[in-house]
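There are 2 protein chains.
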Amino acid sequence: MNLENYFISQFKSEHIGDDGALIKQNVYSKDAFFENVHFKHEWMSYYQIASKAMMINISDAVAMNAKPKYALLSVSMPPRITKKQMKELASGFKDVADKYGIDIIGGDTISNVKLDITITIVSQTKKPLLRSNIKKGYLIAFTGELGRSKKDLKKLMNLGKIHKKSKFIDIKLRDKFLSNAERFLSSGMDISDGLFSDLDKLSSVNRVGFKFNTKILKSIGCSGEEYEMLVAFDKRHKKAVLRRAKQSRTPLNIFAKSVRKRYVNCCKANHF
Amino acid sequence: MNLENYFISQFKSEHIGDDGALIKQNVYSKDAFFENVHFKHEWMSYYQIASKAMMINISDAVAMNAKPKYALLSVSMPPRITKKQMKELASGFKDVADKYGIDIIGGDTISNVKLDITITIVSQTKKPLLRSNIKKGYLIAFTGELGRSKKDLKKLMNLGKIHKKSKFIDIKLRDKFLSNAERFLSSGMDISDGLFSDLDKLSSVNRVGFKFNTKILKSIGCSGEEYEMLVAFDKRHKKAVLRRAKQSRTPLNIFAKSVRKRYVNCCKANHF
Chain A
1 MNLENYFISQ FKSEHIGDDG ALIKQNVYSK DAFFENVHFK HEWMSYYQIA
51 SKAMMINISD AVAMNAKPKY ALLSVSMPPR ITKKQMKELA SGFKDVADKY
101 GIDIIGGDTI SNVKLDITIT IVSQTKKPLL RSNIKKGYLI AFTGELGRSK
151 KDLKKLMNLG KIHKKSKFID IKLRDKFLSN AERFLSSGMD ISDGLFSDLD
201 KLSSVNRVGF KFNTKILKSI GCSGEEYEML VAFDKRHKKA VLRRAKQSRT
251 PLNIFAKSVR KRYVNCCKAN HF
Chain B
1 MNLENYFISQ FKSEHIGDDG ALIKQNVYSK DAFFENVHFK HEWMSYYQIA
51 SKAMMINISD AVAMNAKPKY ALLSVSMPPR ITKKQMKELA SGFKDVADKY
101 GIDIIGGDTI SNVKLDITIT IVSQTKKPLL RSNIKKGYLI AFTGELGRSK
151 KDLKKLMNLG KIHKKSKFID IKLRDKFLSN AERFLSSGMD ISDGLFSDLD
201 KLSSVNRVGF KFNTKILKSI GCSGEEYEML VAFDKRHKKA VLRRAKQSRT
251 PLNIFAKSVR KRYVNCCKAN HF
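Chains as they are written, first to last, in UniProt numbering: chain A, 1 to 272; chain B, 1 to 272.
Excised from the complex, chain A in its bound form (with noise of 0.2 Å):
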């Protein structure tokens, strides 16, 4: 076990586990976004900064079918920021916010040596999408492509340039093709640390391995920061799920299907 899951691993909350903790109608999640261990400044503007640190929050919301409703920031402020860019910072904040519907209601503003994000997500739901409820014989289907951010990672480091609408900086979110979706969905997560490590949560959650109908590359399928769904669902409910994904142009790809076998996750660990 690494040291990240050791640590989270001495915490026994039965809500403990979703891309959210679920209470009641209400999900939390929280993530943090910090200056040298998800991004460099030089790589993106500050309203790019702030925009991104809200999207992959806003991400976990979505992933369990939440609509989000108030956001709490976390800020820490490096020396050299100028009130420009704090202007610029507040308002990549607030444009994903009012996108969303999202009440900013408070939160901590520090000075420090770098641009370090947390933002805490309160997002509702009716029909929760959770990481459970897998059994033998679904449906394995991940939306859009993967891959692209981590070839964009990989640019970045060798200080090459991306386009400002790669998926490193600029997300999509895939919550019309759940809201769609949602009574044909069984289980859902979003792709945050790649495919094949979030295929491994699925596996020890559900307690299945999956059978792949395609071959997938390392490079796509251990490509970190996608934010694209990955779905399970009933093999009856195919044509419904295809059908709504159609209807909220979603690509969607069935690449597996859950099975009575051992999972291997092939990527190494980013972490630690």
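Keep in mind that the hints were calculated from the coordinates and are not lab data.
Copies of one chain are not kept apart here, so a pair can be met inside one copy or by any two copies together.
Keeping only pairs whose Cα atoms sit at most 27 Å apart, straight-line, the calculated BS3-like set for lysine-lysine is:
#, residue 1, residue 2
1, 235, 257
2, 12, 94
3, 268, 87
4, 126, 24
5, 69, 24
6, 12, 84
7, 201, 94
8, 12, 99
9, 87, 201
10, 268, 83
11, 172, 154
12, 69, 126
13, 172, 161
14, 84, 201
15, 12, 87
16, 268, 84
17, 127, 24
18, 12, 83
19, 126, 67
20, 164, 176
21, 83, 201
22, 150, 114
23, 239, 172
24, 114, 12
25, 161, 150
Starting from the known structure of chain A, arrange chain B on it as the hints suggest.
Same frame as chain A, now just chain B:
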């Protein structure tokens, strides 16, 4: 306006302005506790760091007369951390959570250069205590003793040692007094930035000044991180409030009354 306040002023939610954001009967609060900003790792054990991070966050809930229910942790781990230290850290979070009946329901852990913690607390209240509602002629009081925190911080900065029961390490909250006296208190907040700075906030919100009935030295009024309570109440409740303070063994110092006068904070700003 300093840069921190400028940033906060960019957000206009009606829920911003108290120690936490009140939405129906829920209170949401979030505070950062960062290495080299709020503590140095030589000053405290990992257990003490985690406990204090929890306590300063619970203080916001208690200050609003709310009962903390859930916590989300975001912990950035330094590369030097060992498994043993991580366990100590987890114990610090858990022991305080257990003491206050809080369920730690999620969060995020990352690998970073230093130990930076943010905590979100979800709490519940039937009778919230806000910063507003002070009328002219109300009595203003603080609990406990002030000044020790600043003195102890100075000792630590000069490489001295402090007692492990020092308020700088081991915070006592005034939840018993607050729940006992809730009927009689009009307004309240915790003293985190220092008495004089926190009076400044009450002054802005309520458009009142304060007439002191006793001289308070800067070494006391400008001492931050005290986590005592600052409260206001109608003078006809004076006896009742003092009785409840006594019942809960809480020293209560009535030091001023609110007046139609401008208030001037004589402390230097801590931030930025």
